[in-house]
Every structure is written in C-alpha cells, then in structure tokens.
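Please build the complete structure, drawing on both the sequences and the hints.
Chains as they are written, first to last, in our numbering: chain D, 1 to 316; chain Y, 1001 to 1258.
Hint data in this document are derived by calculation from the structure and do not stem from the laboratory. It is possible that part of the hints are untrue.
Taking lysine-lysine and the DSBU-like style, the derived pairs with C-alpha atoms no more than 35 Å apart in a straight line are [claimed, not checked]:
1) D:LYS14 - Y:LYS1088
2) D:LYS128 - D:LYS220
3) D:LYS155 - Y:LYS1088
4) D:LYS141 - D:LYS291
5) D:LYS14 - D:LYS62
6) Y:LYS1167 - D:LYS118
7) D:LYS291 - D:LYS267
8) D:LYS284 - D:LYS2
9) D:LYS62 - D:LYS215
10) D:LYS155 - D:LYS215
11) D:LYS141 - D:LYS21
12) D:LYS155 - D:LYS128
13) D:LYS141 - Y:LYS1167
14) D:LYS62 - D:LYS220
15) D:LYS118 - D:LYS155
16) D:LYS2 - D:LYS121
17) D:LYS14 - Y:LYS1167
18) D:LYS2 - Y:LYS1088
19) D:LYS121 - Y:LYS1088
20) D:LYS215 - D:LYS128
21) D:LYS21 - Y:LYS1167
22) D:LYS267 - Y:LYS1167
23) D:LYS62 - D:LYS21
24) Y:LYS1088 - D:LYS141
25) D:LYS118 - D:LYS141
26) Y:LYS1088 - D:LYS21
27) D:LYS267 - D:LYS215
28) Y:LYS1088 - D:LYS128
29) D:LYS62 - Y:LYS1167
30) D:LYS118 - D:LYS21
31) D:LYS215 - D:LYS14
32) D:LYS141 - D:LYS215
33) D:LYS128 - Y:LYS1167
34) D:LYS62 - D:LYS2
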Amino acid sequence: MKALSIRGLRKVYKGGLEALKGIDLDVEEGDFFALLGPNGAGKSTTIGIIASLINKTEGEVKVFGYDLDTQLVELKRQIGLVPQEFNFNQFETVRQIVVNQAGYYGVHRNLANERAEKYLKQLGLWEKRNEPARSLSGGMKRRLMIARALLHEPKLLILDEPTAGVDIELRRSMWGYLEDINREGITIILTTHYLEEAESLCRNVAIIDNGVIIKNTSIKRLLATLNMETFVLDVEPAEGDELGEIELGEFNWRQPDELSIEVDVQKSQGLNRVFEQLSKQGIKVLSMRNKANRLEELFVDLVEQGRQPKQKKTGS
Amino acid sequence: MASSFNFVALQTIWIKECTRFLRIWIQTLVPPAITMTLYFVIFGSIVGERIGEMGGRPYMEFIVPGLIMMSVITNSYSNVASSFFSAKFQRNIEEMLVAPVSTAVIIVGYIGGGLARALIVAVIVTLVSFLFVDNVQIHHGGILVLTVVLTSTLFSLAGLINGIHAKTFDDISIVPTFILTPLTYLGGVFFSISLLPGIWSTVAQANPVLYMVNAFRYGFLGISDVGLGVSLSVIIAFNIVFFAAAYILLQRGVGIRS
Chain D
1 MKALSIRGLR KVYKGGLEAL KGIDLDVEEG DFFALLGPNG AGKSTTIGII
51 ASLINKTEGE VKVFGYDLDT QLVELKRQIG LVPQEFNFNQ FETVRQIVVN
101 QAGYYGVHRN LANERAEKYL KQLGLWEKRN EPARSLSGGM KRRLMIARAL
151 LHEPKLLILD EPTAGVDIEL RRSMWGYLED INREGITIIL TTHYLEEAES
201 LCRNVAIIDN GVIIKNTSIK RLLATLNMET FVLDVEPAEG DELGEIELGE
251 FNWRQPDELS IEVDVQKSQG LNRVFEQLSK QGIKVLSMRN KANRLEELFV
301 DLVEQGRQPK QKKTGS
Chain Y
1001 MASSFNFVAL QTIWIKECTR FLRIWIQTLV PPAITMTLYF VIFGSIVGER
1051 IGEMGGRPYM EFIVPGLIMM SVITNSYSNV ASSFFSAKFQ RNIEEMLVAP
1101 VSTAVIIVGY IGGGLARALI VAVIVTLVSF LFVDNVQIHH GGILVLTVVL
1151 TSTLFSLAGL INGIHAKTFD DISIVPTFIL TPLTYLGGVF FSISLLPGIW
1201 STVAQANPVL YMVNAFRYGF LGISDVGLGV SLSVIIAFNI VFFAAAYILL
1251 QRGVGIRS
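This is the structure:
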C-alpha cells in the first residue's frame, strides 16, 4: 500500500509565486523517504499541504488511501508532523505539550499520560516533563517535537529538517531512534539539508527544485549514477624518506599537503591500481575518505542541470 | 466514537485555555478586582453620594450590575483575542490545525476559556461590590446567569474574530480601545438612557452593550431601560451572527493557512 500518493499537486501563493508546478510523488508503506531540495524548492510547501497547513491550488493528495479533500479527518489521524521551526507554547511544560497534542487527536487523558511517559522516556525527556519548554536546550526541543508527533501513534511521520542545529552526537542518536521506529513499521518522510543524513537513513529519495521533482529513485540507484569520485588518502613515505615525486599513471591527482594526496577515480578505473602504484613506490596508505559527500555531489549536479536553460530543438 | 473524540478534543482545548489564564493570574484575575474597586470608590462612593438615586435605586447599587458586565465583556474579549493571537504568533495554533479537530470544537473550546475567565472575574467583582453595597439582592438568578453566559460567549467570539484577523499585537489592542471601551461606557453602565435627551436616547439603542447591561441589571435589580425579551433576542442574534462569522473565517483558514 502507498503511504503517500500525490498527483498533479500545484500551489500558487497570493502574489503569483508558483511554489509547486504539478508534482507527482509516491511513498510506499514502511519506506524511509528523503525529500531533498535547495531552499525555496517547494519541500515545506509540499509538507504543509500534506499536513493541511497550506491550502493546495489543485491536485490530489492521498495518505494511506485517505483523500485530503474528502477524508480529511481520517487522513490527519495517519500523520505525525515534526515541523522545521519550534511551534509549541514555550510556557507550557513538556508533559502538557505532548498530552494536549494527543487530546486534539481524541486520545483520552489517561492513555495520553501513559504514552507521554513511554515516548518522553524513549527520547530522554522524562526527567524534564514538568519543566516549561522554554527551559529546554535546542536538541531537547527537537526531541520534544518528535515525541509530540508520535503521541497519537501515526502511521506516517513527516520530519521537516529534524536535526537542523543539532550537534553530531545528538543527531546520530536521533538517527538511531528514527531507524528503530521505522523498523517498527512507521513510514518516514524526511527533508534535510544534511545529505549525509539522507544517505545514511533513507532508502528512496525525491529531489525537488523550483517546484518540480527532478529525480525520484532509490538512494542506491542514484549513487550508482556517480561516475567519478575524489578520494583523500593520508599517506606515509617509506621509512626515512620524504614524500617525493609520486607516479600515479592514468589518474589525476593533487597533493594538498605533505602527508596526503587527492585522487580522482573514474568508476571504470577502480581503486586497486592506485594502491598498487603507491605500494610499488613504498608509500603506505594510512587512511582514506571521500573528499565530498557522494550524494552532495549528485545533488548539486542534478540541481544545476535542472536550472540550465533548455536548448531549442532544431528541425532536420 | 466521533462524539467521544470531539469531547476529548474540546476538553483539551478548554483545559489548555483555563491553564493559560490561571498560570498568569496576576495579569488576568487581579487587574479587574483593582480596577473595579477604583470604580466603586470613585464613581460609587465619592461621586455617587452626590448623585443620589438612579432608576429608583441608590447610585452605588445601580452601577454594580454594569461594572460586573463591563468586566465580563473585557475579560472574555481579551482572553480569547490574546490567546488565539499568541497561538497564531508562536505558531502553536498548528498543533490544532494538523489534528482532526473540527472548526466548531476549536470555537467552542476558545469560548469555554473566555467564559471560564469571565465567570471567575464576575464572582471576584461581585465579592468586591459587597464591600461597598450593604444590601445586594438578586432579582432573578436565572436571567443573571443566562445574560452573563450569552454576553461572555458573544465577546469571546468577537475576540476570536479579532485574533483571526490580527497581524500584530497592536491589532488586538485597537478594537478594545477604540470600539469596545466606548460602547461599554455608552452602554448604560453608569447611567440610565432615560437621562439622554431626545434623539440620543434612540441612538443609544443601536449600541448592543446597552441590551446586555440592562438584561443583567434586570436580573440583579429588577429594573431595565429596555424590555427583557428585546435584550435577550438582540444578544442571541448577535451570538448567531458572530459564531457564523468565526466559523466561516476559520473554515476558510483566514489568517492561519496560506
């Protein structure tokens, strides 16, 4: 079953800005889906329409088969939304915020209190349950918004840049939590600017730019289209020697500093030849990493391609 | 199922609203007590003694119902206007908008908050009035309660409509200052419209607050400048119109959905 199905979705804001130009999008049940795009591409508008915070101009939106126009109540019950900006009452306590949210979904107060304990404990906020939200750190506020979105136990969780401004340790713990709840069956749609996040977590991706979906595929397929990668190798010369002239044959390479080299490797070339040649020269490779995030390179390429003016066809 | 869900959602909004104004009780419950004490001291004791009687009652007794009603009006209005606008401003209104809460439940929930605050303030002001009036008698308790509830509902709705349209905090203070206060002062709180000369007595009858003050005064003292039936009909008609307006605005997402 499709968790989300969008057909011909358009949004024209007052003033004439066309934020969405008739997009189609499908997300399968159980998926961990990334919706990527530069600022102003239409990600938040899409999410706003799905969550019924923004009125669409035209098109069809279905969540688990429930239509936005005719089955709004049922559709809303399926969705948990974690918005980009903190939008809870800063003067309410952590527990009040999550219990009230459950109440808006018709969850009785006793059950809401039980669930509040469960989710606040899972997200490390139980000790803060009686504190006003304004006293929480940025990372805690992000986790509070996730807890709030889960209290009515939705089948589809939509997160709009959930780890923005969160330190790396907390980000990774949030990734772990999201992976856990996805394994338990919750479909997740994520927008993010951290492409590493999408690469680590998501199975499928749609890239949106200027109100149009320019790519919609699996992360694996997308990465497979990458023809060339640049690797940074930390190296150590043979004992007693300095790192002198290096010979790397058919490879393009650069030496940014005395103990590392950057090598451009085409997909057809493979890395073995690089290691062979370095080994022959007595150079030991201590460590290796991608110079840039692979998905980031693709993302930039795709967006740039999409923005290039289309050439007029010439008749033959 | 649907009624149980709606009841839980309504209960949640109401508890949230009551918690809000009780948390800031110094801003919400204390000022009316102080303001009304000043009115009783200045208009009732000091000026009132020179005025003598109005509507066949000592002036102090005459203004008690008007002052209670004035508190009910301003507190209902400001409670809902500021709460709804704050929720819009901080964007926590989105908590309700993403959930399957119906428009009618949202409206009734906010009215419930305004009504709760108005009733508490009405009790406080009534208790304050006991300090100044020796012999407080209630002519018709049912009319008294009905008028307070209907008036509070009406001004909660008016506050909600103001909150929906407001774009800045200034917008929610303009209406009370330039519309609500003049209407209340000219609505017969401090005087009987029979004192107004000729045409002004007729003009005063276009003021809806006049009917609320007089219906309440009837419930309290058994006297009124206008017929009770007319007063209640006017208040109910305004309630219907304002509820419909608030419903249409929220349903269309005016001020809250782009």
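Each hint, compared with the structure:
This hinted pair checks out: D:LYS14 and Y:LYS1088 have alpha carbons roughly 19 Å apart, not beyond 35 Å. For a cut-off of 35 Å, the pair hint linking D:LYS128 to D:LYS220 is broken: about 40 Å separates their Cα positions. A hinted pair counts as satisfied when its Cα atoms are at most 35 Å apart, and D:LYS155 with Y:LYS1088 qualifies at roughly 27 Å. A hinted pair counts as satisfied when its Cα atoms are at most 35 Å apart, and D:LYS141 with D:LYS291 qualifies at roughly 33 Å.
Of the pairs offered as hints, the one joining D:LYS14 and D:LYS62 holds, with about 25 Å between alpha carbons and a cut-off of 35 Å not exceeded. Between Y:LYS1167 and D:LYS118, the direct Cα distance comes to roughly 38 Å. Violation of the 35 Å bound is thereby established for this hinted pair. For the given pair, D:LYS291 sits about 15 Å from D:LYS267 by alpha-carbon distance, which is consistent with the 35 Å threshold. For the suggested pair D:LYS284 and D:LYS2, the alpha carbons sit about 51 Å apart, so the restraint of at most 35 Å is broken.
Between D:LYS62 and D:LYS215, the direct Cα distance comes to roughly 21 Å. Compliance with the 35 Å bound is thereby established for this hinted pair. Of the pairs offered as hints, the one joining D:LYS155 and D:LYS215 holds, with about 25 Å between alpha carbons and a cut-off of 35 Å not exceeded. Distance restraint check for D:LYS141 and D:LYS21: the Cα-Cα separation of roughly 34 Å lies within the 35 Å cut-off, and the hinted pair is therefore satisfied. Restraint check for D:LYS155 and D:LYS128: the C-alpha separation of about 27 Å stays at or below 35 Å, so the hint holds.
Restraint check for D:LYS141 and Y:LYS1167: the C-alpha separation of about 26 Å stays at or below 35 Å, so the hint holds. Annotation: proposed proximity of D:LYS62 to D:LYS220 holds, straight-line Cα distance about 27 Å (limit 35 Å). As the CA atoms of D:LYS118 and D:LYS155 are separated by approximately 17 Å, the hinted pair is consistent with the 35 Å bound. About 31 Å separates the Cα atoms of D:LYS2 and D:LYS121, which keeps this hinted pair within 35 Å; it holds.
Annotation: proposed proximity of D:LYS14 to Y:LYS1167 holds, straight-line Cα distance about 17 Å (limit 35 Å). Simply put, D:LYS2 and Y:LYS1088 have alpha-carbon atoms about 33 Å apart, close enough for the 35 Å limit, and the pair holds. A distance of roughly 30 Å separates the Cα atoms of D:LYS121 and Y:LYS1088; the hinted pair therefore holds under the 35 Å criterion. Between the alpha carbons of D:LYS215 and D:LYS128 the distance comes to roughly 42 Å, so the proposed pair goes past 35 Å and is violated.
As the CA atoms of D:LYS21 and Y:LYS1167 are separated by approximately 29 Å, the hinted pair is consistent with the 35 Å bound. A hinted pair counts as satisfied when its Cα atoms are at most 35 Å apart, and D:LYS267 with Y:LYS1167 does not qualify at roughly 56 Å. Among the hinted pairs, D:LYS62 with D:LYS21 is consistent with the structure: their alpha-carbon atoms are about 18 Å apart, no more than 35 Å. Of the pairs offered as hints, the one joining Y:LYS1088 and D:LYS141 holds, with about 19 Å between alpha carbons and a cut-off of 35 Å not exceeded.
Distance check on the hinted pair: D:LYS118 and D:LYS141 sit about 17 Å apart at the alpha-carbon level, within 35 Å; holds. Taking the CA atoms of Y:LYS1088 and D:LYS21, the gap is about 28 Å. The hint holds against a cut of 35 Å. Only pairs whose Cα atoms come within 35 Å are accepted, and D:LYS267 paired with D:LYS215 is accepted, the gap being roughly 21 Å. A hinted pair counts as satisfied when its Cα atoms are at most 35 Å apart, and Y:LYS1088 with D:LYS128 qualifies at roughly 26 Å.
Distance check on the hinted pair: D:LYS62 and Y:LYS1167 sit about 33 Å apart at the alpha-carbon level, within 35 Å; holds. A C-alpha spacing of about 41 Å is found between D:LYS118 and D:LYS21, which places the hinted pair above 35 Å, so the restraint is violated. A hinted pair counts as satisfied when its Cα atoms are at most 35 Å apart, and D:LYS215 with D:LYS14 qualifies at roughly 28 Å. Among the hinted pairs, D:LYS141 with D:LYS215 is consistent with the structure: their alpha-carbon atoms are about 32 Å apart, no more than 35 Å.
Note on D:LYS128 and Y:LYS1167: the hinted pairing holds, with a Cα-Cα distance of about 33 Å set against a maximum of 35 Å. The hinted pair formed by D:LYS62 and D:LYS2 meets the criterion: a straight-line CA distance of about 9 Å does not exceed 35 Å.
Consistency note: the structure conflicts with the earlier hints numbered 2, 6, 8, 20, 22 and 30.
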